[in-house]
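Between the sequences and the hints, there should be enough to build the whole structure, so can you do that?
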Amino acid sequence: MISFGFVWDWAFTVKMLPLLIKGAGMTVTLTACAITFGTMIGLIIAFMKIIKNPVLNFIGSIYTWVFRGIPLLVQLFIVYYALPMVIGLTLDPFPAAVISISLCGGAYIAEIIRAGIQSVDKGQMEASLSLGMTYFQAMRRIIIPQTYRRLIPPMGNEFITLLKDTALVSTISMVELTRTAQIYAASHFKPFEMFITAGVIYLFLTTFFTLVFGKLESKLAQSE
54 MISFGFVWDW
64 AFTVKMLPLL
74 IKGAGMTVTL
84 TACAITFGTM
94 IGLIIAFMKI
104 IKNPVLNFIG
114 SIYTWVFRGI
124 PLLVQLFIVY
134 YALPMVIGLT
144 LDPFPAAVIS
154 ISLCGGAYIA
164 EIIRAGIQSV
174 DKGQMEASLS
184 LGMTYFQAMR
194 RIIIPQTYRR
204 LIPPMGNEFI
214 TLLKDTALVS
224 TISMVELTRT
234 AQIYAASHFK
244 PFEMFITAGV
254 IYLFLTTFFT
264 LVFGKLESKL
274 AQSE
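In this text, residue positions in the sequence shown follow the numbering used here: the first is 54, and each later residue adds one.
Accuracy of the hints is not assured; some may be wrong.
What the hints assert, rightly or not - No farther apart than 20 Å at their CA atoms in a straight line, the calculated lysine to aspartate or glutamate pairs in the EDC-like style are these:
#1 K105 / E164
#2 K75 / D218
#3 K75 / E179
#4 K75 / D145
#5 K243 / D62
#6 K68 / D218
#7 K268 / E211
#8 K105 / E179
#9 K105 / D174
#10 K175 / E164
Don't read these hints as lab results, they were simulated from the structure. Fair warning: this is a prediction, and the values are worked out from it, not measured in the lab.
What follows is the structure, encoded as structure tokens:
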């Protein structure tokens, strides 16, 4: 009979849970900041890619090519370690993490928005222009209101992806959920309890936001 000789330390888990939950709060805060700024960036890049201007099209395409092609971990290292050597300004882990994840997420969000806008029948834009609207008026009044409902599922997926990707910021010593688990797993020699508990918290967060976005999608579908 094989015996692993491991007994889960429930007292330690309960003691560390508030610290892990605090780290989870930082994870959610970081994700919210990244998705907010990433959406702003994504909107700009998406319009640059669909507007009839070859220069803007090229810049938008280069942006998505670069930030989707370079791993987020490498982008984090560039912003946190390499960029300060160029600009002479040391960034704290939180702003470095927000900048990196926003820039990376913005490239993916740009493609989500671009695909959503281009999924609307082109005839609607042509009809709007024939009625005397400008391009931007047609986008604001006709195209965008039809687009945002289609964006909820992929944007929800991107939010959850970014939430999980925040675990990478532990590599630049930012204290969020994963880093908290690392610190106390090492200092108390309890890696199993800390990382399993952190994993359960991540699972709870992703499940919660999956349900929230699913509910929102269903509500918007009923309003159509």
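Hints, one by one, checked against the model:
no., hint, result
1, K105 / E164, "17 Å, holds"
2, K75 / D218, "18 Å, holds"
3, K75 / E179, "52 Å, violated"
4, K75 / D145, "19 Å, holds"
5, K243 / D62, "8 Å, holds"
6, K68 / D218, "26 Å, violated"
7, K268 / E211, "16 Å, holds"
8, K105 / E179, "14 Å, holds"
9, K105 / D174, "17 Å, holds"
10, K175 / E164, "18 Å, holds"
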